[in-house]
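Chemist: Protein chains in written order, with the working numbering: chain A, 1 to 147; chain B, 1 to 147; chain C, 1 to 396; chain D, 1 to 396.
Calculated directly from the structure, the hints in this document are not laboratory data. Bear in mind the structure is a predicted one, so any value in this text is a computation, not a measurement. Check the hints yourself; a few may be wrong.
[Stated by the list, open to error] Taking lysine to aspartate or glutamate pairs in the EDC-like style, the calculated list, with each CA pair at most 20 Å apart, reads:
no., chain 1, residue 1, chain 2, residue 2
1, D, Lys-320, D, Glu-288
2, A, Lys-59, A, Glu-18
3, C, Lys-116, C, Glu-24
4, C, Lys-116, D, Glu-24
5, D, Lys-116, D, Asp-190
6, C, Lys-17, D, Asp-128
7, B, Lys-59, B, Asp-131
8, D, Lys-17, C, Asp-128
9, A, Lys-142, A, Asp-82
10, C, Lys-116, D, Asp-128
11, A, Lys-59, A, Glu-86
12, B, Lys-142, B, Glu-51
13, D, Lys-116, C, Asp-232
14, A, Lys-142, A, Glu-18
15, D, Lys-320, D, Asp-128
16, B, Lys-59, B, Asp-29
17, D, Lys-116, C, Glu-24
18, A, Lys-142, A, Asp-114
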Amino acid sequence: MSRTRTPVVADWFSGEGENFRLLGTQCGDCGAVFFPREDAFCRNPGCTGGELAEVPLSKRGRIWSYTDGRYRPPLPYVSDPDAAWEPYTLLAVELEAERMVVLGQAVPGVTTADLEVGMEVEAVPGVLNEDADTTWTTWHFKPVSTR
Amino acid sequence: MSRTRTPVVADWFSGEGENFRLLGTQCGDCGAVFFPREDAFCRNPGCTGGELAEVPLSKRGRIWSYTDGRYRPPLPYVSDPDAAWEPYTLLAVELEAERMVVLGQAVPGVTTADLEVGMEVEAVPGVLNEDADTTWTTWHFKPVSTR
Amino acid sequence: MSRDVAVLGAGMHPWGKWGRSFIEYGTIAARTALEDAGVDWRDVQSIVGADTVRGGYPGYVAGATFAKALGWQGARVTSVYAACASGAQAINTARTQILSGLADVVLVVGADAAPKGFFRPAGGDRQDDPDWLRFRVLGATNPAYFGLYARRRMAVHGDTLEDFAQVKVKNAASGALNPYARYRKTVTADEVAASAVVADPLRLLDICATSDGAAALVLSSMDFARRHGQPDPVRIRAVSTVTPQFPQTVLDLPDIATDSAAAVEPPGRTFRASIAHAAYEEAGIGPEELSLAEVYDLSTALELQWYEDLGLCAAGEGAKLLREGATSPGGRVPVNSSGGLASFGEAVPAQAIAQVCELAWQLRGTAGERQVAGARAGITANQGLFGHGSAVVAVR
Amino acid sequence: MSRDVAVLGAGMHPWGKWGRSFIEYGTIAARTALEDAGVDWRDVQSIVGADTVRGGYPGYVAGATFAKALGWQGARVTSVYAACASGAQAINTARTQILSGLADVVLVVGADAAPKGFFRPAGGDRQDDPDWLRFRVLGATNPAYFGLYARRRMAVHGDTLEDFAQVKVKNAASGALNPYARYRKTVTADEVAASAVVADPLRLLDICATSDGAAALVLSSMDFARRHGQPDPVRIRAVSTVTPQFPQTVLDLPDIATDSAAAVEPPGRTFRASIAHAAYEEAGIGPEELSLAEVYDLSTALELQWYEDLGLCAAGEGAKLLREGATSPGGRVPVNSSGGLASFGEAVPAQAIAQVCELAWQLRGTAGERQVAGARAGITANQGLFGHGSAVVAVR
Ligand SMILES: [Zn+2]
Ligand SMILES: [Zn+2]
Numbered sequence: 001m002s003r004t005r006t007p008v009v010a011d012w013f014s015g016e017g018e019n020f021r022l023l024g025t026q027c028g029d030c031g032a033v034f035f036p037r038e039d040a041f042c043r044n045p046g047c048t049g050g051e052l053a054e055v056p057l058s059k060r061g062r063i064w065s066y067t068d069g070r071y072r073p074p075l076p077y078v079s080d081p082d083a084a085w086e087p088y089t090l091l092a093v094e095l096e097a098e099r100m101v102v103l104g105q106a107v108p109g110v111t112t113a114d115l116e117v118g119m120e121v122e123a124v125p126g127v128l129n130e131d132a133d134t135t136w137t138t139w140h141f142k143p144v145s146t147r
Numbered sequence: 001m002s003r004t005r006t007p008v009v010a011d012w013f014s015g016e017g018e019n020f021r022l023l024g025t026q027c028g029d030c031g032a033v034f035f036p037r038e039d040a041f042c043r044n045p046g047c048t049g050g051e052l053a054e055v056p057l058s059k060r061g062r063i064w065s066y067t068d069g070r071y072r073p074p075l076p077y078v079s080d081p082d083a084a085w086e087p088y089t090l091l092a093v094e095l096e097a098e099r100m101v102v103l104g105q106a107v108p109g110v111t112t113a114d115l116e117v118g119m120e121v122e123a124v125p126g127v128l129n130e131d132a133d134t135t136w137t138t139w140h141f142k143p144v145s146t147r
Numbered sequence: 001m002s003r004d005v006a007v008l009g010a011g012m013h014p015w016g017k018w019g020r021s022f023i024e025y026g027t028i029a030a031r032t033a034l035e036d037a038g039v040d041w042r043d044v045q046s047i048v049g050a051d052t053v054r055g056g057y058p059g060y061v062a063g064a065t066f067a068k069a070l071g072w073q074g075a076r077v078t079s080v081y082a083a084c085a086s087g088a089q090a091i092n093t094a095r096t097q098i099l100s101g102l103a104d105v106v107l108v109v110g111a112d113a114a115p116k117g118f119f120r121p122a123g124g125d126r127q128d129d130p131d132w133l134r135f136r137v138l139g140a141t142n143p144a145y146f147g148l149y150a151r152r153r154m155a156v157h158g159d160t161l162e163d164f165a166q167v168k169v170k171n172a173a174s175g176a177l178n179p180y181a182r183y184r185k186t187v188t189a190d191e192v193a194a195s196a197v198v199a200d201p202l203r204l205l206d207i208c209a210t211s212d213g214a215a216a217l218v219l220s221s222m223d224f225a226r227r228h229g230q231p232d233p234v235r236i237r238a239v240s241t242v243t244p245q246f247p248q249t250v251l252d253l254p255d256i257a258t259d260s261a262a263a264v265e266p267p268g269r270t271f272r273a274s275i276a277h278a279a280y281e282e283a284g285i286g287p288e289e290l291s292l293a294e295v296y297d298l299s300t301a302l303e304l305q306w307y308e309d310l311g312l313c314a315a316g317e318g319a320k321l322l323r324e325g326a327t328s329p330g331g332r333v334p335v336n337s338s339g340g341l342a343s344f345g346e347a348v349p350a351q352a353i354a355q356v357c358e359l360a361w362q363l364r365g366t367a368g369e370r371q372v373a374g375a376r377a378g379i380t381a382n383q384g385l386f387g388h389g390s391a392v393v394a395v396r
Numbered sequence: 001m002s003r004d005v006a007v008l009g010a011g012m013h014p015w016g017k018w019g020r021s022f023i024e025y026g027t028i029a030a031r032t033a034l035e036d037a038g039v040d041w042r043d044v045q046s047i048v049g050a051d052t053v054r055g056g057y058p059g060y061v062a063g064a065t066f067a068k069a070l071g072w073q074g075a076r077v078t079s080v081y082a083a084c085a086s087g088a089q090a091i092n093t094a095r096t097q098i099l100s101g102l103a104d105v106v107l108v109v110g111a112d113a114a115p116k117g118f119f120r121p122a123g124g125d126r127q128d129d130p131d132w133l134r135f136r137v138l139g140a141t142n143p144a145y146f147g148l149y150a151r152r153r154m155a156v157h158g159d160t161l162e163d164f165a166q167v168k169v170k171n172a173a174s175g176a177l178n179p180y181a182r183y184r185k186t187v188t189a190d191e192v193a194a195s196a197v198v199a200d201p202l203r204l205l206d207i208c209a210t211s212d213g214a215a216a217l218v219l220s221s222m223d224f225a226r227r228h229g230q231p232d233p234v235r236i237r238a239v240s241t242v243t244p245q246f247p248q249t250v251l252d253l254p255d256i257a258t259d260s261a262a263a264v265e266p267p268g269r270t271f272r273a274s275i276a277h278a279a280y281e282e283a284g285i286g287p288e289e290l291s292l293a294e295v296y297d298l299s300t301a302l303e304l305q306w307y308e309d310l311g312l313c314a315a316g317e318g319a320k321l322l323r324e325g326a327t328s329p330g331g332r333v334p335v336n337s338s339g340g341l342a343s344f345g346e347a348v349p350a351q352a353i354a355q356v357c358e359l360a361w362q363l364r365g366t367a368g369e370r371q372v373a374g375a376r377a378g379i380t381a382n383q384g385l386f387g388h389g390s391a392v393v394a395v396r
């Protein structure tokens, strides 16, 4: 059971525990921030294009909206077809400094009944799925103060 | 080794030995012949559309052109990746009555060196590939008089 | 110079799950539209197909696929794809050919044979395809996005589950009267409430299914229509096919995040509102002049959002407009008199064309039991993946 | 009314195997074309993308993909697909928008990141997709069709392997002078003859490779060009996008048979000839007025076929025209002064746009060492799967 921990997408997040952050990029010319990261070009149509440097996004944000997935999603989402489907909870989280909304699954165990729009959450490391060799890691959102 | 013989495409050919024929369809209204078969609509733009009935195509035709495949084609063409690639020979055959040209592989063993444009050939039953359960059958073209 | 083009003919293949090829559906819709127009296929100078990304090559080249099925006759061909807006893009392509003088009469066709279950991306491992990533990383199906929008409306505008259910009730009642609809029976609010939750807070009956279906239009220049004995046809007056403006701050399928507004202020209008705005500008009419609207009710909650984005009411007042009955049959501006996606289920490349078929029949006054009395002007609206959306204005 | 549109800008990303995304190639080509035109991206009113069927969703919606990468600015968007003719379809879509008055300035972009080896169909089991069937049943790759055409020419017209090799020698010599070409070195007839046979009688150096690449054009109305300080731009005068006529009696990729001519007499012109004919008719010029031509040399033998289909010589005399040097640099009508597909390898949605880029540079007189002296009029031609083909006429 010594699986390699591999991010499901390279360079979208890094760090452990308190230091975990989603990673975006920022244009050195106009200051626009991108997540998912843009590494080739700045997408501001008024920008002639500066260097895109990696930046960590705000760790905390507020719930813009939320939902769940009551039915098993199709591939490429990976789930065990022999196990009963466990709904996941999906959050859209507004980051104040970046003025953007980012999607992410909630930490396991959090259901829509636990949530409301405007609630504060933070990005934490999580596991998306495991296969024979690999633990695929991802980001999760976790309510800051569990009621 | 009791594989089922199954045509690689349903209803494109039928019969054994001398009775083997490619099958097309013919419009009952305008007489247009189609191969591959059309079963829903006649494709003559001036035809309001008649019944499409199955018709056998001419067994014999003359070589319009020919080529071969010196490199292994990609999937969905099936070949044994562990065996050395054996080039196949591909014929385009003009059917006089139908005034059309139909493609088909030559019977195994015939190479481009054996062929010339205008040579008479006939459609014969052939095997495309075999897997664990199935012998996939097809049509081949065979020179009428081997020199 | 008039920017109008004439709708000479409209035709559809009934929506459903028929188990046949999209080519067959599209060919039947095309033949029906040609017959309705009284135009021989050989006189059509251009054909525009709305692609389906299913079905392999024939789907990618829908224009050529239908031209071949109808019988090669030398017409110009174009195939376009714009997700849910594909049909409107095809209409716009036909319109520009007519207005440019390069064609007098053009056939537009869209058809799909839907897969079972959720829409899903093509196979492969594509870390640079947002549509692949949203499934791989988040399991975010289309209904998940609809659920997010719905919950947001509840929190911000006070919409209720009962409001959402009433959209379904209204659309199902209209769909029951439409011979082309897949679902032809009325639905009660209790039935909506009793259906399974798919993506909280939305239930099965809040969310549109995926269907087989096909729709076609024969469009022509106004001159051709006159010569053809139709001096007063239904006219397409505007087709909006605009893209978003950076930063796009409303979460858009299939994105994992919105653009950031930290460096550049967001535009004054949201993307959906800008789609409608461009159509009104081009048509020279406003929402108060509409007799009816066909909007993309991928979910019940989304229909309410469209009321606001089309300017039928102020922001946040969609549910109020519904409750007042303004968008019901007999109301001020009936919405989805066809039955909408709620009654059809989505057949992606056909759907925006089908919306315009409904406008054509309503503006002709031939919509039978669904007829909106005295219909003079209508709009269609939809939005799809990747910054696609469209709105078509038709008048008589 | 003038049917001309102005070519304000042209740009390319070098062809090759770069291992990056088609989005990056296309964005670079677009920025280069905008810079060449002196037009700010935010002033572009419409963007038309030529799709690639690779790359998942971003490929299916190339117009939106490039619009997003350049930065959403609200422009109209269209995405078209027509196999090898996709780029010309995109040009035609832009042209009709300009001629219809719906847009003044339009950006056209096509880009591809090619797979390794033969083109192959998408995965799945699709017995109703001719492209899938020709691989499954016959193993008939694209070169197999090229081989059939070549052998037929040898039998009917007496073309020789040496003739075919000389096409490669000619095009490689031009490609060696083109900074955007993938292969930039001369080739000898001996090298062609020494290369491996792929599909008898054609060898590796007779057949075009598949490449990464991108090309873009900025097109505008003649009025806009004048206001923009370009009173005498290169003009696109015709874009032919016709389909075949039934019965289509010339074997067409990916078909397993031609149509039957038993019930209906074949048309007077073959499909390829009809593509050129429609372009000449629309442009009001004939082949004798051409200064140069860019034709789709998927194989060396096919270039000779194009000479005849374009009317540069009589049927069967393509090899004679080549031997006379008429189509070589300095000849009466140089063909593939860019180096052609022989030097580029095919990047499907970009290729027909790249052909027009070459015309633009030649007609401007800025083609450097490749310059055709006094070029005044040129044509491009290509043909793709499923009844697609195109020809573009540009003049100065
Ligand atoms: Zn920037
Ligand atoms: Zn018939």
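Chemist: Hint by hint, note whether the structure agrees.
Modeler: Each hint, compared with the structure:
1. D:Lys-320 x D:Glu-288: holds (17 Å)
2. A:Lys-59 x A:Glu-18: With Cα atoms ~9 Å apart, Lys-59 (chain A) and Glu-18 (chain A) stay inside 20 Å; holds.
3. C:Lys-116 x C:Glu-24: With Cα atoms ~19 Å apart, Lys-116 (chain C) and Glu-24 (chain C) stay inside 20 Å; holds.
4. C:Lys-116 x D:Glu-24: violated (34 Å)
5. D:Lys-116 x D:Asp-190: Not OK: Lys-116 (chain D) and Asp-190 (chain D) at ~27 Å, beyond 20 Å, violated.
6. C:Lys-17 x D:Asp-128: The given pair, whose Cα atoms are some 18 Å apart, holds under the 20 Å limit.
7. B:Lys-59 x B:Asp-131: Violated, at about 29 Å.
8. D:Lys-17 x C:Asp-128: holds (18 Å)
9. A:Lys-142 x A:Asp-82: Cα-Cα ~28 Å, so violated.
10. C:Lys-116 x D:Asp-128: Since the Cα atoms of Lys-116 (chain C) and Asp-128 (chain D) sit roughly 18 Å apart, the hinted pair holds (cutoff 20 Å).
11. A:Lys-59 x A:Glu-86: violated (27 Å)
12. B:Lys-142 x B:Glu-51: violated (33 Å)
13. D:Lys-116 x C:Asp-232: violated (56 Å)
14. A:Lys-142 x A:Glu-18: Given pair Lys-142 (chain A), Glu-18 (chain A) holds - Cα atoms ~12 Å apart, limit 20 Å.
15. D:Lys-320 x D:Asp-128: violated (42 Å)
16. B:Lys-59 x B:Asp-29: Cα-Cα ~24 Å, so violated.
17. D:Lys-116 x C:Glu-24: violated (34 Å)
18. A:Lys-142 x A:Asp-114: Holds, at roughly 11 Å.
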